[in-house]
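For the record, the sequence lines run as chains A and B. Residue numbering for the first sequence follows the working numbering, starting at 2 and increasing by one per position. Residue numbering for the second sequence follows the working numbering, starting at -7 and increasing by one per position.
Worth double-checking, as some hints may not be accurate.
[As the list claims (entries may be wrong)] Straight-line C-alpha distance at most 30 Å; calculated DSSO-like pairs for lysine-lysine:
id, chain 1, residue 1, chain 2, residue 2
1, A, Lys217, A, Lys175
2, B, Lys119, A, Lys170
3, B, Lys299, A, Lys175
4, A, Lys246, A, Lys41
5, A, Lys227, A, Lys125
6, A, Lys246, A, Lys199
7, A, Lys246, A, Lys125
8, A, Lys149, A, Lys108
9, A, Lys131, B, Lys299
10, B, Lys299, A, Lys125
11, A, Lys131, A, Lys217
12, A, Lys217, A, Lys125
13, B, Lys299, A, Lys149
14, A, Lys131, A, Lys175
15, A, Lys227, A, Lys149
[What the hints assert, rightly or not] DEER-style ranges, computed between Cβ atoms:
id, chain 1, residue 1, chain 2, residue 2, range
16, A, Gly145, B, Leu98, 40 to 46 Å
17, B, Leu98, A, Pro212, 50 to 56 Å
18, B, Lys299, A, Ile146, 29 to 35 Å
19, B, Met124, A, Pro100, 39 to 45 Å
20, B, Ile121, A, Gln48, 37 to 43 Å
Note that these hints are calculated values from the structure, not bench results. None of these values were measured; they are calculated from a predicted model. Don't be surprised by glycine CBs; every beta carbon is placed ideally from N, CA and C.
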Amino acid sequence: MSELKRASTFLSDNSGDPTMTQASTSETPAAIRADVRDLKFWYGKFQALNGVSMPIHDRKVTAIIGPSGCGKSTLLRCFNRIHDLYPGVRYEGEINLAPEHINLVAKGIDPILVRLLVGMVFQKPNPFPKSIFENVAAGLYVRGIRNKSEVEGRVEEALRQAAIWNEVKDRLNKPAFELSGGQQQRLCIARALAPKPKLLLLDEPTSALDPIATAKIEELMDSLVKDVTILIVTHNLAQAARISKYTAFMHMGNLVEFGETEQLFTNPAVTQTQDYVTGRFG
Amino acid sequence: MSQSLDEGQTFAALKSSGFLRRGRVVAQAMQIILFACAALSVFITGAILWVLVSESWLFFSQIPLVTFLTDTQWTPAFTNARYGILPLLSATLWAAGIAMAVATPLGLVLSVYLSEFAQPRVREVLKPILEMLAAVPTVVFGYFALLFLTPLAKQFIPGLSGFNLLVPGFVMGIMILPYVVSISEDAMRAVPMTLREGAFALGMSRWRTAFSVVIPGAFSGVTAAYLLAFARAVGETMVVAIAAGQNPNLTADPREGAATITAYIVQMSLGDLPHGSLAYSTIFATGLVLFLITLAFNVLGFFLRRKFREAY
């Protein structure tokens, strides 16, 4: 309940929020970064997604919410085909990524190519067993960027974007494991940002962190969204309300409702959504 | 049972009953037995070291250490005896080095394949077969090297002697492969899946993930595997005693035969040397050298593991 109170407080006094005002005043529809069409997904024989369709708006935060096991992480993980690591999975449908409208889940598309386009940050920080610098540079090396000054420049840029530069600039060659959990997660965000992804996936990025580290990452998302399209899965409804422009509510592998966050939280079209966002179930 | 426990009296009676007292005695006894088992292995190691040091005392009291370490001839059975460990040591290191040169790349590729690429079914078949290599008696490996591989290799390598270091070194490399693969594959599989997901999410291929994330993540385990394998190769006896010859020979050419430390010990132990003679004490002096080499590698492995231990 307390979470909900915070969410509604935020919603009621967000009139001064610049991104909100901008969105409501601009009449032109926002560009679409990715378009999900009738996406179905199977783990072996179990169907985890039953035909999901939704747009991902360019340079906005889109949040996916829903009870545990509803398929929200499954949906997110389709966007970079990380499911392909495990045997017996199957996709049907489309995720078309602008501007070339490549269908990310098509059989003929190399999953590695998909991952070169789409960045991802996981629930638990997973820095590699390397130095801080090498962690951020890893994605650049993969893309063949080896020029020393360019790598250094982009590592610094990514660390600045991830709001961790000041904390690590004097110890770039220290192992990443020495950082705190919150710092490790921001390092992972920097690692995902360094190659300039077309889409950044965040899979419950703050659920393993304390409230202060969480606040830092939320703040960070606010500033990142100027340049990057963000798709985030979160268990925390208040977080979805605070940081996202659009929200998708999922249940049992179905997309129940998709809409502007403000509308979905205050005036949902579906009773099930209302029950969930007001805490009656889930 | 639960009913009786509810009653305080029965509970107190149970507490002082013979049943529980016996349980305590058994627990005490078990603890002592288990400690004794652990202590025994420490004691045996200590005893072996004591025997090695005390028996080689005679040797080092007559032969200066500098001579032992720098003389280039090892002829303790001759009338004009020379006691330089270098020929034996160089043969030992040559054979073990060749074994590692075979086992290192092969073991790394195999363990990466098994942990990162192989389908579960392939792995389930391949790994036990590979581990069966470790079940082959070393004497079989020795005769395999001497009677099959050496004649075969002679056709390709000019100047290869019947006894040589190259072929037994190669065979030892194959022999230690199961140790290397088994341990390093376990270490690689212990690297959490989240790290691999992170690497794949950056667009890394499987090979790249293996070499830039999984192997560094499993570094301590992989290193331990190689150090263990090296210690095993240094101490290996049968293969080199059979296929590398019995002739102490300081050489830089692995096509020649040369006795290793272990081969020398076998040779001397089989002869009837008078107890307490200088020749007899050479067995213990060379054994001590062998012990120190493997000890050094174990200690090195211990520190490497501590330094690079990854906490997940």
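Each hint tested on the structure:
Taken as a hint, the Lys217 of chain A and Lys175 of chain A pair is honoured in the structure, with Cα atoms around 22 Å apart against an allowance of 30 Å. At roughly 45 Å between alpha-carbon atoms, Lys119 of chain B and Lys170 of chain A are farther apart than 30 Å, so this suggested pair is violated. Taken as a hint, the Lys299 of chain B and Lys175 of chain A pair is honoured in the structure, with Cα atoms around 14 Å apart against an allowance of 30 Å. Distance hint between Lys246 of chain A and Lys41 of chain A is fulfilled; the C-alpha atoms sit about 25 Å from each other, no more than 30 Å.
Only pairs whose Cα atoms come within 30 Å are accepted, and Lys227 of chain A paired with Lys125 of chain A is accepted, the gap being roughly 25 Å. A C-alpha spacing of about 18 Å is found between Lys246 of chain A and Lys199 of chain A, which places the hinted pair at or below 30 Å, so the restraint holds. Taken as a hint, the Lys246 of chain A and Lys125 of chain A pair is honoured in the structure, with Cα atoms around 24 Å apart against an allowance of 30 Å. With a C-alpha separation of about 36 Å, the suggested pair Lys149 of chain A and Lys108 of chain A falls outside the 30 Å cut-off, and the hint is violated.
About 14 Å separates the Cα atoms of Lys131 of chain A and Lys299 of chain B, which keeps this hinted pair within 30 Å; it holds. Proximity of Lys299 of chain B to Lys125 of chain A is assessed by CA-CA distance (about 24 Å); at most 30 Å being required, the pair is judged to hold. For the hint pairing Lys131 of chain A with Lys217 of chain A, the CA-to-CA distance comes to about 24 Å; that is within 30 Å, so the pair holds. The hinted pair formed by Lys217 of chain A and Lys125 of chain A meets the criterion: a straight-line CA distance of about 16 Å does not exceed 30 Å.
Distance check on the hinted pair: Lys299 of chain B and Lys149 of chain A sit about 29 Å apart at the alpha-carbon level, within 30 Å; holds. For the given pair, Lys131 of chain A sits about 8 Å from Lys175 of chain A by alpha-carbon distance, which is consistent with the 30 Å threshold. A hinted pair counts as satisfied when its Cα atoms are at most 30 Å apart, and Lys227 of chain A with Lys149 of chain A qualifies at roughly 28 Å. Checked against the given bound of 40 to 46 Å, the beta carbons of Gly145 of chain A and Leu98 of chain B, roughly 30 Å apart, lie outside it.
Between Leu98 of chain B and Pro212 of chain A the beta carbon distance is about 51 Å. The supplied range of 50 to 56 Å therefore holds. In this structure the hint that Lys299 of chain B and Ile146 of chain A lie 29 to 35 Å apart at CB holds, the actual value being about 31 Å. The hint said 39 to 45 Å for the Cβ distance between Met124 of chain B and Pro100 of chain A, and at roughly 56 Å that hint is violated. Against the hinted window of 37 to 43 Å, the Cβ-Cβ separation of Ile121 of chain B and Gln48 of chain A comes to about 38 Å, which satisfies the hint.
Hint violations for this structure: numbers 2, 8, 16 and 19, all remaining hints satisfied.
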